[in-house]
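Novice: Sequence:
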Amino acid sequence: MKRFFIAGAAASALMLAAGCGQNVTSGTPEQNGSRTGYSLAFFRNVSAHEGEDSNVLVSPYSAGVALSMLADGAEGQTRDEIVAALGGCTFAGDTLAADSLVDVRSANSAWLRSGFGLKKEYVQRLEKTYGAMIAEKDFSSLDAADAINAWCADNTEGRITEIVDRISPDMMMFLVNALYFKAPWEKAFSPERTSDCTFYGSAGERKVPMMSIREDFRYAEWQGSQLIELPYAGGRYSMLIALPAEGLDMETAVSCLSEKAYEAALASMQKRKVALTLPKFRFDTDMTLNTVLYGMGIKKAFSSSARFGLMSETPVTVDQVRQKCFIEVNEEGSEAAAVTSIGLRLTSARPVEMAVDMTVDRPFLFALVDRDGGDILFLGRVMNIE
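Letter by letter, the sequence shown follows residues -17 to -1, 1 to 369 in mature numbering (1 follows the signal peptide of the UniProt record, and there is no 0).
No lab work stands behind these hints, which were simulated from the structure alone.
There could be a bad hint or two in this list.
Below are the BS3-like pairs computed for lysine-lysine, each with C-alpha atoms no more than 27 Å apart in a straight line [unchecked claim]:
{"hint": "1", "residue 1": "263", "residue 2": "165"}
{"hint": "2", "residue 1": "170", "residue 2": "103"}
{"hint": "3", "residue 1": "170", "residue 2": "190"}
{"hint": "4", "residue 1": "120", "residue 2": "102"}
{"hint": "5", "residue 1": "102", "residue 2": "170"}
{"hint": "6", "residue 1": "102", "residue 2": "282"}
{"hint": "7", "residue 1": "263", "residue 2": "190"}
{"hint": "8", "residue 1": "254", "residue 2": "243"}
{"hint": "9", "residue 1": "165", "residue 2": "103"}
{"hint": "10", "residue 1": "120", "residue 2": "103"}
Quick caveat, the model's predicted, so the values are computed rather than measured.
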């Protein structure tokens, strides 16, 4: 069966229609100082490690904040590699704009084993720059994991309820970011117009609830590919979806995601009357990001030669970077959540773990973006709908 591709936010319909020319290097961002380049590189690396029929959802923003907190405690090559993977920029001091219509927030915390000493300057940096809560716990007690998980649940409205299962004796600290987003569409879909239609997934055809709307949206097309922007109430945040011409291979298309194409896609959009058909969907993901980040150039941080001297006098190394995400898209709007946890352990010699018609009825990528700040909060790939 043919596999098709829809690129959201990070991929240009123009690029896809042209066959994308030259693949982008999967590892590092194309430009220093660009969060967009980092976000696309992050997504390319995750997608490359997932099965071809798997739905993918990541939060470049949540991972970026957690990695920025880590970088602020690092020195030398350890720090340089983290910052380079972030596109030469960090997410320090970020604030997300919420209002009476849009609930969007990011929270940070650091959880320490009792007796593990953090340097005063690093604690101040976490508290003042990231607004992080600092908590010292007895990691030998089950209550420690419960407390971390309860914090995650509280800061994601119960969508992410567990990020730490058990804490090994050599674990010293967890740096955690939680990201939550919920907003209604600026132009809501009518439930009365939702009906079961066929979605041509990579694993086979399936009848799924498909929403329909006919309204003016920012839109672009090129040689059979289509791109649309669906704004949320208030106009700052939006979801971008692009449906390419049939026959484009998913693996090839993802490997071609580039910052240049993203910017070109946004610049090409104009207001048009669009009759849109879009599936309702909901799924979550759970992934360990060590190998992904290693592929993006973060290597020292996972090794016994890691240098986190700005964090503590105790030699530590990154044990595991884990991210859980949730997304639901329906007639009213969207809800999404993510938690990223970076666990640090005592350094040892353990090996490193490496009015046109647009019908979205086949595999697609989506992105939830901050139009004002320019950040990509969530990026996902939908191959099949349950």
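Novice: Tell me, in ascending order, the numbers of any earlier hints that this structure violates.
Specialist: 2, 5 and 9
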